[in-house]
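Novice: Listed below, chain by chain, are the residues.
There are 4 protein chains.
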Amino acid sequence: MDVNEQYFNNISERERAIFEGAITMGALFHQFVGTPVNTENAATLERSIKDAMELQPCIKKVEVVINKEILEKVKNEYSYVSLTGDMLDVKVVAEYGDRKAFIRLRYIEDLNYPLMYVERIE
Amino acid sequence: MDVNEQYFNNISERERAIFEGAITMGALFHQFVGTPVNTENAATLERSIKDAMELQPCIKKVEVVINKEILEKVKNEYSYVSLTGDMLDVKVVAEYGDRKAFIRLRYIEDLNYPLMYVERIE
Amino acid sequence: MDVNEQYFNNISERERAIFEGAITMGALFHQFVGTPVNTENAATLERSIKDAMELQPCIKKVEVVINKEILEKVKNEYSYVSLTGDMLDVKVVAEYGDRKAFIRLRYIEDLNYPLMYVERIE
Amino acid sequence: MDVNEQYFNNISERERAIFEGAITMGALFHQFVGTPVNTENAATLERSIKDAMELQPCIKKVEVVINKEILEKVKNEYSYVSLTGDMLDVKVVAEYGDRKAFIRLRYIEDLNYPLMYVERIE
Numbered sequence: 001m002d003v004n005e006q007y008f009n010n011i012s013e014r015e016r017a018i019f020e021g022a023i024t025m026g027a028l029f030h031q032f033v034g035t036p037v038n039t040e041n042a043a044t045l046e047r048s049i050k051d052a053m054e055l056q057p058c059i060k061k062v063e064v065v066i067n068k069e070i071l072e073k074v075k076n077e078y079s080y081v082s083l084t085g086d087m088l089d090v091k092v093v094a095e096y097g098d099r100k101a102f103i104r105l106r107y108i109e110d111l112n113y114p115l116m117y118v119e120r121i122e
Numbered sequence: 001m002d003v004n005e006q007y008f009n010n011i012s013e014r015e016r017a018i019f020e021g022a023i024t025m026g027a028l029f030h031q032f033v034g035t036p037v038n039t040e041n042a043a044t045l046e047r048s049i050k051d052a053m054e055l056q057p058c059i060k061k062v063e064v065v066i067n068k069e070i071l072e073k074v075k076n077e078y079s080y081v082s083l084t085g086d087m088l089d090v091k092v093v094a095e096y097g098d099r100k101a102f103i104r105l106r107y108i109e110d111l112n113y114p115l116m117y118v119e120r121i122e
Numbered sequence: 001m002d003v004n005e006q007y008f009n010n011i012s013e014r015e016r017a018i019f020e021g022a023i024t025m026g027a028l029f030h031q032f033v034g035t036p037v038n039t040e041n042a043a044t045l046e047r048s049i050k051d052a053m054e055l056q057p058c059i060k061k062v063e064v065v066i067n068k069e070i071l072e073k074v075k076n077e078y079s080y081v082s083l084t085g086d087m088l089d090v091k092v093v094a095e096y097g098d099r100k101a102f103i104r105l106r107y108i109e110d111l112n113y114p115l116m117y118v119e120r121i122e
Numbered sequence: 001m002d003v004n005e006q007y008f009n010n011i012s013e014r015e016r017a018i019f020e021g022a023i024t025m026g027a028l029f030h031q032f033v034g035t036p037v038n039t040e041n042a043a044t045l046e047r048s049i050k051d052a053m054e055l056q057p058c059i060k061k062v063e064v065v066i067n068k069e070i071l072e073k074v075k076n077e078y079s080y081v082s083l084t085g086d087m088l089d090v091k092v093v094a095e096y097g098d099r100k101a102f103i104r105l106r107y108i109e110d111l112n113y114p115l116m117y118v119e120r121i122e
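Chains as they are written, first to last, in the UniProt record's numbering: chain Y, 1 to 122; chain G, 1 to 122; chain L, 1 to 122; chain S, 1 to 122.
There is no bait here: all hints are sound.
In this list, chains with the same sequence are indistinguishable; a pair is considered to hold if it fits within one copy or across any two.
Quick list of in silico lysine-lysine cross-link-like pairs, DSBU-like style, CA-CA up to 35 Å:
| no. | residue 1 | residue 2 |
| --- | --- | --- |
| 1 | Lys100 | Lys75 |
| 2 | Lys60 | Lys75 |
| 3 | Lys50 | Lys60 |
| 4 | Lys61 | Lys100 |
| 5 | Lys91 | Lys60 |
| 6 | Lys91 | Lys75 |
| 7 | Lys91 | Lys61 |
| 8 | Lys91 | Lys68 |
The hints are simulated quantities; they were obtained by calculation from the structure and are not laboratory data.
Isolated chain Y, as found in the complex (with noise of 0.2 Å):
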């Protein structure tokens, strides 16, 4: 059987990119979202992350960055927190065919909220 000949054939090559680097970008999310985390493990964790989250479908390209300066001014009483959102800087290069799609992961102060969105398409 050829999945995408059977389950892919009314989108567009471009629309396959983005169908699955959002994919991705959710998933990332989801899963590592409530990770313990401190500036000691977070190398490791970005890594893991990107390693794990390139193995899925088209993806090209994981990169992880969680927000160091947040880590730092964690105070309390076990010295580490839970992975947020807003931690998360994270960019998703998946790839079909001839398209790539660029998407990003960011917190928007503005919004109050960690958005995904298409950065580019070549």
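With chain Y's structure known, arrange chains G, L and S on it following the hints.
Specialist: Structure of chains G, L and S alone, referenced to chain Y:
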């Protein structure tokens, strides 16, 4: 600030509907996979997944069916399992402007994979 | 095989009740943190968390209250937030043999931390 | 405020070690189950789970092994799977005062269940 104007003017209404529906499908899968489930709580779990995911941007409707045949076959010491992707049949309707995208998650036996795809766009 | 005989004969009934209650509290937090929530779906989310976590070994009762005051203050473009630990007030009753452990999760302002602790044992 | 004095003076050092180890085991399972994994990213995922969960209160050491035999048998369109409990072998060492609790998560074939139990207490 008009968020649609500022962040989404580079994609069409059709693409936006696909984008938002896909995010929600990825989010749903990775938020709820792992939840303890058997035939007793399947209905309240289906309902809460629906209600939570319908809050996301542009999502008009979510339908969640957890496979009861799989749940009925569960035989272990504790009579429940962790929710997995092969138990899920989900329909998400995302709407933006004049366009609606109907996104589906369904376990495809031939692929041995819980596939997310666009069923149709209106 | 008697699982209790084989795997749990090195701890007391009291310790077993603590052990199972603690597992369920950790599980609950990390399964559901991140879920989209506002005042509209809080009740169905509370219910499904309760029903799911009551399936776990030795768990007699789970009560979940999501802080509605926090939800009412939510002001952002999309009128919902991701569930976080500071919104949760949870009671788990775990029972083994003649002992019951009452476990609590509650945000402690002085600690700036959602603390899990044993309220009492009967 | 001395959190140990205020919230944990009703349980012994041994019970506290069990309590904290159990929380972390439940947390670990429900945070990471569902993560995309294959033989390529298993090592970075193991590492990030370890580093994140070692941040939790009283946790001295976490060892995570994801079953590579299961991963090598994966045959599907996209060459990865979602992490499930039956792939996990985890050891958590929790310490409080003079006591250490060694908690284990391991899939027990006879039970068809990923069991969490106390291996020993020192």
